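> Listed below, chain by chain, are the residues.
There are 2 protein chains.
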Amino acid sequence: MRRAPPDPELLALNTATVREKWTLRETIEGCARHRIRGIAPWRDALSQMGVKEAAKMIRGSGLSVSALCGAGMFPAPDSNARRAAIDEVRRAIDEAATLEAGCLALVPGGLPEESKDLAGTREMLRDGIGEVLEQARSAGVPLAIEPQHPMHCASRGCVDTLAQALDLCDELDRGGAALGVAVDVYHVWWDPQLKAQIERAGEKRLLAFQISDWLLASRDMNADRGMMGDGVIDLPLVRSWMEECGYRGFHEVEILSAGNWWRRDPNEVLATCRVRHQTAC
Amino acid sequence: MRRAPPDPELLALNTATVREKWTLRETIEGCARHRIRGIAPWRDALSQMGVKEAAKMIRGSGLSVSALCGAGMFPAPDSNARRAAIDEVRRAIDEAATLEAGCLALVPGGLPEESKDLAGTREMLRDGIGEVLEQARSAGVPLAIEPQHPMHCASRGCVDTLAQALDLCDELDRGGAALGVAVDVYHVWWDPQLKAQIERAGEKRLLAFQISDWLLASRDMNADRGMMGDGVIDLPLVRSWMEECGYRGFHEVEILSAGNWWRRDPNEVLATCRVRHQTAC
Chain A
1 MRRAPPDPEL LALNTATVRE KWTLRETIEG CARHRIRGIA PWRDALSQMG VKEAAKMIRG
61 SGLSVSALCG AGMFPAPDSN ARRAAIDEVR RAIDEAATLE AGCLALVPGG LPEESKDLAG
121 TREMLRDGIG EVLEQARSAG VPLAIEPQHP MHCASRGCVD TLAQALDLCD ELDRGGAALG
181 VAVDVYHVWW DPQLKAQIER AGEKRLLAFQ ISDWLLASRD MNADRGMMGD GVIDLPLVRS
241 WMEECGYRGF HEVEILSAGN WWRRDPNEVL ATCRVRHQTA C
Chain B
1 MRRAPPDPEL LALNTATVRE KWTLRETIEG CARHRIRGIA PWRDALSQMG VKEAAKMIRG
61 SGLSVSALCG AGMFPAPDSN ARRAAIDEVR RAIDEAATLE AGCLALVPGG LPEESKDLAG
121 TREMLRDGIG EVLEQARSAG VPLAIEPQHP MHCASRGCVD TLAQALDLCD ELDRGGAALG
181 VAVDVYHVWW DPQLKAQIER AGEKRLLAFQ ISDWLLASRD MNADRGMMGD GVIDLPLVRS
241 WMEECGYRGF HEVEILSAGN WWRRDPNEVL ATCRVRHQTA C
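Order-wise, the sequence lines are chains A and B.
For the first sequence, the numbering used here gives the first residue as 1, with consecutive numbering after it.
For the second sequence, the numbering used here gives the first residue as 1, with consecutive numbering after it.
Here chain A stands alone, though its shape is the one from the complex:
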C-alpha cells in the first residue's frame, strides 16, 4: 500500500547522526540551513556550548527540541554509583526543561559490572525512574523510556520491548503523562507485538519517534544503522501505526553509522535525510 508522504515540517535530526563531523553549533546552523525544524541533542554535544547558550541558539534558529538524549543508565554495582546515576538524570531533567525539550529520552542501562542478575538490574531501573519522576513532572519534562534492541541488553538495554517499557509506565505513572516511551524503529522493528504495543501506548505515552533503517547485511551491533529506505524496515507502515494513535510529533533521524554516514559531509547527510523522509518514510 502506497501511503502519502509525511509532513516535511516533522523531520528532526538527532545530533548523533552527524556527531563525527559537526559541533552542536554547526549542527544547529545546518538544520536551519536545510529547513529541518526539530533537533534532538545528545548531552555530550550540549556540553560543548553550555545548556543556556544552546537553548538560546536553538530557539533563535527557529528550531524545537524534540528530545534530549543521553540520559538514563540507572543500574550500577553499588548504592553510591546508583545515587550518582540518579543525580545525573536529575541534571538532565533540568537541562531538558531549559531546552524546552519535548521529552527526556532515557537509555535504560545494562548489567552492572560482574553481574548476571537481569531481574535485579531491571528493578534498579524501575527504582531509579521512580526517584526522578516527581521532579520530571514538576519540570514539565516527560520521561521517555527508550526500549533498546535486545542485542544491547547486557551493555545498556535492560528494557528491550515496548511492552516492558509500558508495563513500567503503568506501574510508576498510572493514568499520568509524566512517563512514556520513545519508539526507535531500529530497536523495535522486529517485535511481533509492535503494532499492538503502539496502540496500547496511545497518544499520551508516545513521546518520540526515531527513524533509521536496519541493513540486511549488517553484522556490527554498534554503529551500522542505515539511512531510511536502505534497509528492510517498513517505515511508512510503522509511521501509520503511530499516526493512527494520534502521534503528531517529530520524526527524528538517528543514524549511528561508523562505516558510512558518519564519514560523509553532513550537508549531504541532511539533504539525503530530507529526501528520504519524503520517499521512504
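Read the hints as simulated data drawn from the structure, not as lab findings.
Hints are supplied without guarantee of correctness; some may be wrong.
What the hints assert, rightly or not - Calculated pairs, DSS-like style, for lysine-lysine (alpha carbon to alpha carbon, straight line, at most 30 Å):
(1) B:Lys116 / A:Lys204
(2) B:Lys116 / A:Lys195
(3) B:Lys195 / A:Lys116
Claimed, not checked - Here are some of the chain B residues that sit facing chain A, going by a computed Cβ distance under 10 Å:
(4) Ala154
(5) Gly157
(6) Val159
(7) Ala217
(8) Leu256
Quantities reported herein were computed from a predicted structural model and do not represent experimental measurements.
Where a beta carbon is used, it is the ideal one built from N, C-alpha and C, also for glycine.
Got chain A; can you put chain B on it based on the hints?
Same frame as chain A, now just chain B:
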C-alpha cells in the same frame, strides 16, 4: 543462590560447535571419547556420510540424537520457492526419524529478498509448518520452533520470542505434542518474559535446551558466542526454570565462535564443555 550442578549425562554437543575442525565421523568419535551422550547434527554435516550410515554410527557409539538442526527457512519470494522449502523440511523430517532424533529444530527463516513485509513473512512460516505438521506427527518427530535473536530477524528469524513461537504452537497444534519450542539461551536470555513463557510452554512443548553464553564485549552478530561461564547469562537460573517445568532432556552446547572456539583443538573444546557444564550451568 548456588544450585546443584546438572546431571553430567545430560550434556550434548551440537556439531556446529566443532564444525570447522571435525567431520561428523570425527565428532561422533569425539563425543564417545569424551563421554558426551547426546549429539545434535546439522544437516550439512549429515550429508557427509549419509543419514543411514550416520544413524548407525551414532547408535553404535552409544549416543542419542537430541535434535536434528538446519531445517526450516520457510519464507521465500514465490510459491515455487516456498514449495521447495517445504519439500526440504519434509526430507529433514524423514532424516530425523531415521536418526531417532528427539526433535527437528526449525530455524524460522527471514524476509524474502526485496521484501519488507514482516507480517506476510510470518504467515508464510505459519503456513509452512502447517503443511508439514501431519507428516511430523506420523513420523513421531516433534517439530521444535527455535526463536532466533531479534538481531537475526531479517536474515533468518521471523520468530523472535518464545511467546510468538508458543502462539504458533497453540494455533497449529492445540493440545497436541507434535509442535514445541527449542530454547536456545543465546537467542532468548534477554527476554523479560522468559520465565513466564518457559512456564507457559511446560514439559510437553519444551523439546530442546541449547546452551552457550552471551559475551559482554561481543560486537559481531553472527559467530561470536561464548563458552558457558564466559558471558553474562545466568545459566543455572534458566536451567532451573526448565527443570521446574519438568524438562529432563539434554543440555546441548551450541557455540558458533569464529574468533575463538572454532579455532581450537576440538578435544580441548569438548573437555572445556564437560567442565563448564558442571561449573557454570
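> Taking each numbered hint in turn, which are not upheld by the structure, reported in ascending numerical order?
As far as the earlier hints go, only 8 is violated by this structure.
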